[in-house]
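Per numbering that gives the first Met the number 0, the sequence shown starts with residue 0, numbered consecutively.
Hints are computed from structural coordinates only; laboratory data are not their basis.
Don't be surprised by glycine CBs; every beta carbon is placed ideally from N, CA and C.
Any given hint might turn out to be false.
Cut-off 25 Å, straight-line C-alpha distance, at most; resulting in silico cross-link-like pairs (DSS-like, lysine-lysine) [stated by the list, open to error]: (1) Lys228 <-> Lys94; (2) Lys226 <-> Lys289; (3) Lys116 <-> Lys94; (4) Lys90 <-> Lys63; (5) Lys94 <-> Lys326; (6) Lys244 <-> Lys202; (7) Lys228 <-> Lys362; (8) Lys378 <-> Lys204; (9) Lys202 <-> Lys57; (10) Lys151 <-> Lys134; (11) Lys289 <-> Lys228; (12) Lys94 <-> Lys204; (13) Lys185 <-> Lys204; (14) Lys94 <-> Lys57; (15) Lys362 <-> Lys378; (16) Lys378 <-> Lys202; (17) Lys90 <-> Lys116; (18) Lys362 <-> Lys226; (19) Lys226 <-> Lys378; (20) Lys362 <-> Lys137; (21) Lys204 <-> Lys289; (22) Lys90 <-> Lys57; (23) Lys289 <-> Lys244; (24) Lys185 <-> Lys202; (25) Lys90 <-> Lys326; (26) Lys202 <-> Lys289; (27) Lys116 <-> Lys134; (28) Lys244 <-> Lys381; (29) Lys326 <-> Lys151; (30) Lys378 <-> Lys228; (31) Lys204 <-> Lys244; (32) Lys134 <-> Lys362; (33) Lys63 <-> Lys326; (34) Lys151 <-> Lys362; (35) Lys244 <-> Lys185; (36) Lys381 <-> Lys226.
So the derived label-pair ranges between C-beta atoms look like this [as the list claims (entries may be wrong)]: (37) Asp233 <-> Ala322: 16 to 24 Å; (38) Gly248 <-> Glu366: 30 to 38 Å; (39) Gln60 <-> Pro186: 54 to 62 Å; (40) Lys185 <-> Asp136: 49 to 57 Å.
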Amino acid sequence: MFKLWTLVLLALVVFIPSCASAPTPSATESYKPTTSLTSTRGVVVAPQTAPDDEAWAKVIQEAKREGQVLIYSFSFAGDVGLAVSRAFRDKYGVKAEIVAGTSPVMLERIRSEYRAKQFTTDVADMSPARILSLKDDKLSLSIKDLPALRDKAGWYTHPLDMDPEGYTLNYSPTVSTPYINTTMVKPGEEPQSWLDLLQPRWKGKVMVGDPGVYVGTTYIYYGLVRKSKRLNEDYFRQLGGQISKFVPGSARDQALVLVRGEGPINISVSTAGSASLLAEGAPIRAISLKEGWGSNPAVALAMLSNAPHPNAARLFLNWFLSAEGMKVFAQSASQITYRSDVPDFLPNAARVDPSTAINLDLKDLDESNTLYNAGYLTKLWKGEAGK
0 MFKLWTLVLL ALVVFIPSCA SAPTPSATES YKPTTSLTST RGVVVAPQTA PDDEAWAKVI
60 QEAKREGQVL IYSFSFAGDV GLAVSRAFRD KYGVKAEIVA GTSPVMLERI RSEYRAKQFT
120 TDVADMSPAR ILSLKDDKLS LSIKDLPALR DKAGWYTHPL DMDPEGYTLN YSPTVSTPYI
180 NTTMVKPGEE PQSWLDLLQP RWKGKVMVGD PGVYVGTTYI YYGLVRKSKR LNEDYFRQLG
240 GQISKFVPGS ARDQALVLVR GEGPINISVS TAGSASLLAE GAPIRAISLK EGWGSNPAVA
300 LAMLSNAPHP NAARLFLNWF LSAEGMKVFA QSASQITYRS DVPDFLPNAA RVDPSTAINL
360 DLKDLDESNT LYNAGYLTKL WKGEAGK
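Required output: the full structure, derived from the provided sequences and hints.
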């Protein structure tokens, strides 16, 4: 069924690049960068045109001389990071050191390093919004000339379709939909519609990601109200009266409160936070409500402008975005990627009806982030917005 889900999802997704300055090449045209890659650290041997075999061999040679790459990562935590770093080291003999943390924390650490002119990090793996912030702060480089990005073969949605300039390389989407605790909600008792959540039996039982700290809740609101108009502002205002708990923390925390039985349902759960728990047998399950569910780019990569190991950074990024690297990630994280030549490893309990997808692009995420930063949903539920 997931193959059908993927085909429908692809048919629906129309990404509007947030920083396009040139037309996107055709499906059969190789990507040819117009700008060179420069760095103030190390020796960058990367060519100024699409790399040929000889030039890329020099990148590999210099990467091995540098010996390591340091990655600040949101998605390479625990066993995922171990699998990724081990596979890269086994292939090239280059150490991939991974520091895992949340995107806001990682972004601030990078900014602090650059203010202090202490350049230690080579690659950032964070939410698309945080990666875009690196570009805005002039802390990242365009890497559109990587061999793995030369053409669209092997991709459902090519990273350069989302950002033709190559500063933000999105590689994996997430699916956001309500989840239930299957020991607390029996078969047949699940809500079938978002409107069902306004029924008296759900009052004081609905958990939601705290919209002041978890942007995913705002993405759900934006998709249902602003993007698709399948629900309206008044619905979300009423939903506020049903909420039992505002859950702080990350995408994983949204799923963990369900696993712990703190409530029967959380509307702010995503595959990014649930997949690894489901793979371990957690008693939770995604539900498809008839008005729809959301999908958006979940994680993206960037190369930092003063990377101390520039060639190792390029080598890692190219390997990770290849079918080989994407399979290591997808399998170890129980996730899906934008590559069509990599199977999905999403647990069955995370799958939802593909026909009701609401797909957010980078422009939608940018507008959602504006609402998030303004505390819009918090104000709405306090009766201070949307009137």
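Taking the hints in turn, this is what the structure says about them:
1. Under the criterion of a C-alpha separation no larger than 25 Å, the hint pairing lysine 228 with lysine 94 is inconsistent with the structure, at around 48 Å.
2. Simply put, lysine 226 and lysine 289 have alpha-carbon atoms about 16 Å apart, close enough for the 25 Å limit, and the pair holds.
3. Our distance criterion of 25 Å between C-alpha atoms is met by lysine 116 and lysine 94, whose separation comes to about 24 Å.
4. With a CA separation close to 11 Å, the supplied pair lysine 90 and lysine 63 stays within the 25 Å bound.
5. Under the criterion of a C-alpha separation no larger than 25 Å, the hint pairing lysine 94 with lysine 326 is consistent with the structure, at around 19 Å.
6. For the hint pairing lysine 244 with lysine 202, the CA-to-CA distance comes to about 11 Å; that is within 25 Å, so the pair holds.
7. Distance restraint check for lysine 228 and lysine 362: the Cα-Cα separation of roughly 17 Å lies within the 25 Å cut-off, and the hinted pair is therefore satisfied.
8. Using a Cα cut-off of 25 Å, the hinted pair lysine 378 and lysine 204 holds, with the two alpha carbons roughly 21 Å apart.
9. The straight-line distance between the Cα atoms of lysine 202 and lysine 57 is roughly 63 Å, outside the 25 Å bound, and the hint therefore fails.
10. A distance of roughly 24 Å separates the Cα atoms of lysine 151 and lysine 134; the hinted pair therefore holds under the 25 Å criterion.
11. The suggested pairing of lysine 289 with lysine 228 holds, with an alpha-carbon distance near 13 Å, which does not exceed 25 Å.
12. Between lysine 94 and lysine 204, the direct Cα distance comes to roughly 47 Å. Violation of the 25 Å bound is thereby established for this hinted pair.
13. Taking the CA atoms of lysine 185 and lysine 204, the gap is about 15 Å. The hint holds against a cut of 25 Å.
14. A hinted pair counts as satisfied when its Cα atoms are at most 25 Å apart, and lysine 94 with lysine 57 qualifies at roughly 18 Å.
15. For the suggested pair lysine 362 and lysine 378, the alpha carbons sit about 23 Å apart, so the restraint of at most 25 Å is met.
16. For the given pair, lysine 378 sits about 20 Å from lysine 202 by alpha-carbon distance, which is consistent with the 25 Å threshold.
17. Simply put, lysine 90 and lysine 116 have alpha-carbon atoms about 32 Å apart, too far for the 25 Å limit, and the pair is violated.
18. Taken as a hint, the lysine 362 and lysine 226 pair is honoured in the structure, with Cα atoms around 11 Å apart against an allowance of 25 Å.
19. Of the supplied pair hints, the one linking lysine 226 and lysine 378 holds, its CA atoms being roughly 20 Å apart against a limit of 25 Å.
20. Simply put, lysine 362 and lysine 137 have alpha-carbon atoms about 20 Å apart, close enough for the 25 Å limit, and the pair holds.
21. For the proposed pair lysine 204 and lysine 289, the alpha carbon gap of about 20 Å is at most 25 Å, so the pair holds.
22. Of the pairs offered as hints, the one joining lysine 90 and lysine 57 holds, with about 16 Å between alpha carbons and a cut-off of 25 Å not exceeded.
23. In summary, the hint linking lysine 289 to lysine 244 is supported, as the alpha carbons are separated by about 24 Å, within the 25 Å threshold.
24. Among the hinted pairs, lysine 185 with lysine 202 is consistent with the structure: their alpha-carbon atoms are about 17 Å apart, no more than 25 Å.
25. Annotation: proposed proximity of lysine 90 to lysine 326 holds, straight-line Cα distance about 14 Å (limit 25 Å).
26. Simply put, lysine 202 and lysine 289 have alpha-carbon atoms about 20 Å apart, close enough for the 25 Å limit, and the pair holds.
27. For a cut-off of 25 Å, the pair hint linking lysine 116 to lysine 134 stands: about 17 Å separates their Cα positions.
28. The suggested pairing of lysine 244 with lysine 381 holds, with an alpha-carbon distance near 14 Å, which does not exceed 25 Å.
29. For the hint linking lysine 326 to lysine 151, the alpha-carbon distance of about 17 Å falls within 25 Å, and the restraint holds.
30. Distance hint between lysine 378 and lysine 228 is fulfilled; the C-alpha atoms sit about 20 Å from each other, no more than 25 Å.
31. Among the hinted pairs, lysine 204 with lysine 244 is consistent with the structure: their alpha-carbon atoms are about 8 Å apart, no more than 25 Å.
32. For the proposed pair lysine 134 and lysine 362, the alpha carbon gap of about 15 Å is at most 25 Å, so the pair holds.
33. Of the supplied pair hints, the one linking lysine 63 and lysine 326 holds, its CA atoms being roughly 23 Å apart against a limit of 25 Å.
34. In summary, the hint linking lysine 151 to lysine 362 is supported, as the alpha carbons are separated by about 22 Å, within the 25 Å threshold.
35. For the hint linking lysine 244 to lysine 185, the alpha-carbon distance of about 21 Å falls within 25 Å, and the restraint holds.
36. Between lysine 381 and lysine 226 the CA atoms are separated by roughly 23 Å; this keeps the pair inside 25 Å, and the hint holds.
37. One distance hint, 16 to 24 Å for the beta-carbon pair aspartate 233 and alanine 322, is violated here, with the actual separation near 47 Å.
38. Distance hint check: the CB atoms of glycine 248 and glutamate 366 are about 24 Å apart, inconsistent with the given range 30 to 38 Å.
39. One distance hint, 54 to 62 Å for the beta-carbon pair glutamine 60 and proline 186, holds here, with the actual separation near 59 Å.
40. At roughly 50 Å, the beta carbons of lysine 185 and aspartate 136 sit within the given window of 49 to 57 Å.
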